Amino acid sequence: MSAVAETPVAAVADARKAGDWLLIATALLLCVWVLLPIYLLIVNALSSPDQVTAFPKRFFPSFDLGSLSFFINFAGVARALWNSVLVATLTMILAIGFGAPAGYALSRFDFPGKGTFRFLVLMTRAFPLPLLALPLAVMFIRTGLDDTAIGLALVHTTLALPFAVLITFSLFSGIPVELEEAAWTLGCTRWQAFRKVILPLALPGIAASAVFAFTISWNEVFAAAVLTIENRTLTAFLLQSLGESPLYLKFAGGAALVVPALIFIFAVRKYLFAMWGIANR
Amino acid sequence: MHGKALPYLLLMPATLFLCIFFLYPFALVAFEAVTRDGAFTLDNFRTMAGSWKFPVTIRNTLLLAAIVVPIQLTMALLMASVVSRLETGRSAALYIFAIPLGISDLAAGLIWLAIFDQSGFLNTLLSSLGVVDRPVMFLGYQSKLTIFIAVALAEIWRATAIMMVILVAGMGLIPKEYYEAAEVFGASPWQRFVRVTLPLLRPSLQTAIILRVILAFEVFAVVAALGGTNLPVLMGETYNWQFTLQDRNVAAASALLILAISIGFTLFFLRVLRVPKEAWI
Numbered sequence: 001m002s003a004v005a006e007t008p009v010a011a012v013a014d015a016r017k018a019g020d021w022l023l024i025a026t027a028l029l030l031c032v033w034v035l036l037p038i039y040l041l042i043v044n045a046l047s048s049p050d051q052v053t054a055f056p057k058r059f060f061p062s063f064d065l066g067s068l069s070f071f072i073n074f075a076g077v078a079r080a081l082w083n084s085v086l087v088a089t090l091t092m093i094l095a096i097g098f099g100a101p102a103g104y105a106l107s108r109f110d111f112p113g114k115g116t117f118r119f120l121v122l123m124t125r126a127f128p129l130p131l132l133a134l135p136l137a138v139m140f141i142r143t144g145l146d147d148t149a150i151g152l153a154l155v156h157t158t159l160a161l162p163f164a165v166l167i168t169f170s171l172f173s174g175i176p177v178e179l180e181e182a183a184w185t186l187g188c189t190r191w192q193a194f195r196k197v198i199l200p201l202a203l204p205g206i207a208a209s210a211v212f213a214f215t216i217s218w219n220e221v222f223a224a225a226v227l228t229i230e231n232r233t234l235t236a237f238l239l240q241s242l243g244e245s246p247l248y249l250k251f252a253g254g255a256a257l258v259v260p261a262l263i264f265i266f267a268v269r270k271y272l273f274a275m276w277g278i279a280n281r
Numbered sequence: 001m002h003g004k005a006l007p008y009l010l011l012m013p014a015t016l017f018l019c020i021f022f023l024y025p026f027a028l029v030a031f032e033a034v035t036r037d038g039a040f041t042l043d044n045f046r047t048m049a050g051s052w053k054f055p056v057t058i059r060n061t062l063l064l065a066a067i068v069v070p071i072q073l074t075m076a077l078l079m080a081s082v083v084s085r086l087e088t089g090r091s092a093a094l095y096i097f098a099i100p101l102g103i104s105d106l107a108a109g110l111i112w113l114a115i116f117d118q119s120g121f122l123n124t125l126l127s128s129l130g131v132v133d134r135p136v137m138f139l140g141y142q143s144k145l146t147i148f149i150a151v152a153l154a155e156i157w158r159a160t161a162i163m164m165v166i167l168v169a170g171m172g173l174i175p176k177e178y179y180e181a182a183e184v185f186g187a188s189p190w191q192r193f194v195r196v197t198l199p200l201l202r203p204s205l206q207t208a209i210i211l212r213v214i215l216a217f218e219v220f221a222v223v224a225a226l227g228g229t230n231l232p233v234l235m236g237e238t239y240n241w242q243f244t245l246q247d248r249n250v251a252a253a254s255a256l257l258i259l260a261i262s263i264g265f266t267l268f269f270l271r272v273l274r275v276p277k278e279a280w281i
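For the record, the sequence lines run as chains Z and W.
Going by the numbering used here, the letters in the first sequence line up with residues 1 to 281, in that order.
Going by the numbering used here, the letters in the second sequence line up with residues 1 to 281, in that order.
Don't take each hint at face value.
As the list claims (entries may be wrong) - The list that follows gives simulated cross-link-like pairs (lysine-lysine, BS3-like), each with its CA atoms no further than 25 Å apart: (1) Lys-176/W x Lys-17/Z; (2) Lys-270/Z x Lys-176/W; (3) Lys-114/Z x Lys-4/W.
Just so you know, these hints were derived from the structure itself, not from any lab.
Everything numeric in this text was worked out from a predicted model, so none of it was measured.
Could you put together the complete structure from these sequences and hints?
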């Protein structure tokens, strides 16, 4: 019978097909697991305050902007939003400004002390860095940096700088030295070669790590809550008002934190894995 | 200006920054923790450990890490394997899995609050299924267990992405030939995963576990959003000592404790998951 000869092949094909379906089903399930909670928050944010506190709830938004407009008009929110953007932008500039030269130096030179520097950078990851805001609060009061955007940005830079160094290090390592050497032989100075050859190649990756630094600052809660009182960032503001604020304010605030995050991750998605590939080590 | 001085010049800004905003405040924290009014004392640690909340705080924090991290590791491995095998929709799945990476712990707490709140989506689902006839209070002060479950779920949801990214980057470094060879010798997908992927993924696993364990001890805003003061954790208590109780020295002692636990576990995992130098790929 022909079935005897065919069975093993058919069985393998069946198993493979079942495996494919299982794979796709698992992938979809995991996507739902990630997306569903976000969807539910957005439903709340796009419903009127009454619907947010109502029971039972609808699983679809009514597209009533009541909660969002209440949130936007709530005293202090606009300022907190502005502070978040300001601190995150400053953090981004500081982290890349200090981190990228270090990343370049690590990728291009061999010199005594290189190991020590890398160790110092890696060490920072084992520390609960937001806690450093505690002693700095005192130092900032002495220097007049307390409750300012730049003061908080300095602490957030401590969080973002190690990542900036490691990520730019992996970026520059991925660009062949030969390109630079070719430019030198063609008469470029070291700086010209860097500016004209290396920088254009590295720029998208540097932009991605800048976005990453922005996100770190945008999301940070503890140091922001410790170091700011009048000039709260959005996270610090929301944390502070958790106890007394109504539900719809919390959910609208949550959505205001989440939506930029979706955009940030989308913007850096191409680099996310390349950045971590070497930043691992 | 070239040659020997250049790398040091490039490293200088980052080094100075880390000295001022990482090493110096760290020394300050350590100093504040062991002194009171300028005199050396261990009273701060005694006050901290003597607080009635302290044993609960330690237990909650360690228990949360012990439950959350293994689940995250399993899920991250599953996500990374699924992504590496997907042919269509690979980049979409990667982006979706990576989304929580950009979402702050406070926002994650608020997202899960939308689900677990008394008028939230879980209650709506349960009552429409006829499981409960009245909304259950999941996050009240008598329901410590459900608060704990909600916090654990929010943490698993939020922070699996970071492990996934590290593992995907690590899997990308494993040469395809190993899998082909294993397949030729008739290894099943599971055998390939256990015998090829896991051992070669060791450096990435080590990084992912250490990073996640450290972050697990810093859990703060998720708890603040979901449990308020009903589920005290170390970081939240540090915040309380600094803010509500206005005692910088005890807050510093508490910060040092978190630091000591973090470093302890880092060294532990570095040792247990030791990667032989020649096995690095």
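Here is what the structure says about each hint:
1. Lys-176/W x Lys-17/Z: Status holds; Cα separation ~22 Å.
2. Lys-270/Z x Lys-176/W: Distance ~22 Å between Lys-270/Z and Lys-176/W Cα, so the pair holds.
3. Lys-114/Z x Lys-4/W: Satisfied, since the Cα-Cα distance of roughly 13 Å is no more than 25 Å.
Violated hints: none; the structure is consistent with every hint.
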